[in-house]
Amino acid sequence: MDAAEALASLMSPEGRVDPYPAYERLRAHGPIVPAGPGLYAVTGHAEADELLRDARVRVLDDHLRDGLLPTWRESPAVSSIARSMLRTNPPDHSRMRRLAAGAFTPKRIGAMRDVVTAQTDELIDAMAATGRGDAPVDFMAEFAYPLPVGVICELLGVPATDRPLFRRWTADLTGVLEPEITPAELAVADAGAAELRDYFTDLVAARRRRPADDLTTALVQAHDAGDRLSGEELLANLVILLVAGFETTTNLLGNGLAVLLAHSRAADVLRHHPQHAPAYVDELLRFDSPVQLTTRTTGEAVRLDGVEVPAGSWILLLLGAANRDPRRYPRPERFDPWRAQLNPLSFGAGPHYCLGAGLARLEAQVAFPALLRRLPGLAPAGPPRRRIRLTLRGYDHLPVTVGEPLPAAQGGAPAGTAVGSP
Numbered sequence: 001m002d003a004a005e006a007l008a009s010l011m012s013p014e015g016r017v018d019p020y021p022a023y024e025r026l027r028a029h030g031p032i033v034p035a036g037p038g039l040y041a042v043t044g045h046a047e048a049d050e051l052l053r054d055a056r057v058r059v060l061d062d063h064l065r066d067g068l069l070p071t072w073r074e075s076p077a078v079s080s081i082a083r084s085m086l087r088t089n090p091p092d093h094s095r096m097r098r099l100a101a102g103a104f105t106p107k108r109i110g111a112m113r114d115v116v117t118a119q120t121d122e123l124i125d126a127m128a129a130t131g132r133g134d135a136p137v138d139f140m141a142e143f144a145y146p147l148p149v150g151v152i153c154e155l156l157g158v159p160a161t162d163r164p165l166f167r168r169w170t171a172d173l174t175g176v177l178e179p180e181i182t183p184a185e186l187a188v189a190d191a192g193a194a195e196l197r198d199y200f201t202d203l204v205a206a207r208r209r210r211p212a213d214d215l216t217t218a219l220v221q222a223h224d225a226g227d228r229l230s231g232e233e234l235l236a237n238l239v240i241l242l243v244a245g246f247e248t249t250t251n252l253l254g255n256g257l258a259v260l261l262a263h264s265r266a267a268d269v270l271r272h273h274p275q276h277a278p279a280y281v282d283e284l285l286r287f288d289s290p291v292q293l294t295t296r297t298t299g300e301a302v303r304l305d306g307v308e309v310p311a312g313s314w315i316l317l318l319l320g321a322a323n324r325d326p327r328r329y330p331r332p333e334r335f336d337p338w339r340a341q342l343n344p345l346s347f348g349a350g351p352h353y354c355l356g357a358g359l360a361r362l363e364a365q366v367a368f369p370a371l372l373r374r375l376p377g378l379a380p381a382g383p384p385r386r387r388i389r390l391t392l393r394g395y396d397h398l399p400v401t402v403g404e405p406l407p408a409a410q411g412g413a414p415a416g417t418a419v420g421s422p
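When we follow full-length UniProt numbering, the leftmost residue of the sequence shown carries the number 1, and every step to the right adds one.
Keep in mind the hints are simulated off the structure, nothing from the lab. Computed from a predicted model, the values in this text were never measured in an experiment. Yeah, the Cβ is synthetic: ideal placement off N, Cα and C, and Gly gets one too. It cannot be assumed that every hint is accurate.
[Stated by the list, open to error] Ranges between beta-carbon positions, derived for each pair:
no., residue 1, residue 2, range
1, ASP62, THR130, 46 to 54 Å
2, ARG95, PRO407, 28 to 36 Å
3, ALA379, VAL307, 43 to 51 Å
4, GLY38, VAL115, 26 to 34 Å
5, ARG73, GLU333, 19 to 27 Å
6, ARG228, PRO380, 47 to 55 Å
7, ALA279, LEU64, 34 to 42 Å
8, GLY299, ALA225, 25 to 33 Å
9, GLY299, ARG73, 42 to 50 Å
10, ALA279, ARG132, 29 to 37 Å
Use the sequences and the hints to build the structure in full.
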């Protein structure tokens with residue numbers, strides 16, 4: 001199978017549900033390979049990391065977007081993504097990112113640990129109530145969605161009563177992030193984006209009337225202060241902060257729990273030794289990344305690993321494949337939270353490194369030990385259902401049984417207890 005055929009297998013419905021075999025077929029041709037006219041696929045960890053940091057490699061700009069989809073400005077989904085910090089280059093990207101960065105400093109994120117812990121315990125209590133008598137519980141609906149959406153909405157100042165609205169809207173909108181999208185799928189994405197823009201238009205108006213201590217107010221005031229943020233950028237960044245703020249973390253929680261339930265010995269170590277949660281979360285990010293790919297274009301020619309990538313080329317950076325590069329991680333198909341020098345590329349690298357990566361890690365580091373400790377009988381309850389998505393990899397449905405719960409204050413070994421490898 002040549003590289004183009006391997007890439008076609010990745011884009012198939014089967015490849016989107018399980019991309020790892022297709023990654024290995026691509027990897028057999030090298031860490032960076034031509035995969036079509038003007039298209040290069042990257043499976044190597046070092047190569048992906050270098051390209052993400054290279055100033056000659058940029059996200060899609062308006063000129064290229066015009067050539068691909070001349071009507072993109074009429075699409076609420078494409079324009080929402082295009083005008084946000086996610087899909088802009090410096091200096092616009094740097095300007096927009098600075099305005100939101102204050103909400104995601106290590107100090108601000110650390111201060112949210114108690115909020116995340118309290119929400120985690122409340123959701124575990126609710127799961128336990130729903131799952132009495134071994135009734136199956138959908139982990140995605142009952143925990144993996146409400147925890148991160150509650151946290152990001154707290155930052156944005158979205159009322160709790162409105163939070164259930166966002167799951168369908170964002171699921172629809174994120175279809176536009178896939179490497180291929182049909183007109184019918186774009187119409188669905190546009191409908192979700194329009195709903196989100198309408199919602200944030202109303203929230204912006206509310207914050208102008210009554211400012212609050214939240215990120216929405218801060219961005220509104222940045223817009224109103226002058227030329228630091230246009231009206232279109234204001235709405236686009238509110239949409240992308242919401243979507244990115246929980247969609248990736250929802251997938252991390254679902255993918256991660258499925259892995260832990262399949263590795264009972266490793267799960268038991270984390271259950272009793274929650275101090276190892278940071279290493280576990282990084283290995284979960286590496287092993288089954290919630291973000292599998294991103295794209296870039298070359299502003300000028302780039303030579304890497306003996307391959308000349310001409311100016312104007314498209315680069316498909318397969319983060320999920322890079323995270324399983326055997327040159328970087330021996331036996332990459334093995335889940336091993338005791339790996340040395342973990343550096344998963346799940347949140348990207350360079351100037352577009354995910355602004356909310358620290359917050360996503362915090363939520364997972366709190367959630368997984370608490371779930372395992374308080375629900376020692378947690379187990380799969382039937383076949384899960386994967387989303388047929390490649391860029392954002394996750395579950396639609398992950399049924400579990402919860403068993404007999406322990407109270408929030410019970411369980412766990414003292415910090416510093418000696419522990420061996422799982």
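Unmet hints by their number, sorted upward, for this structure: Of the numbered hints, 2, 4, 5 and 9 do not hold.
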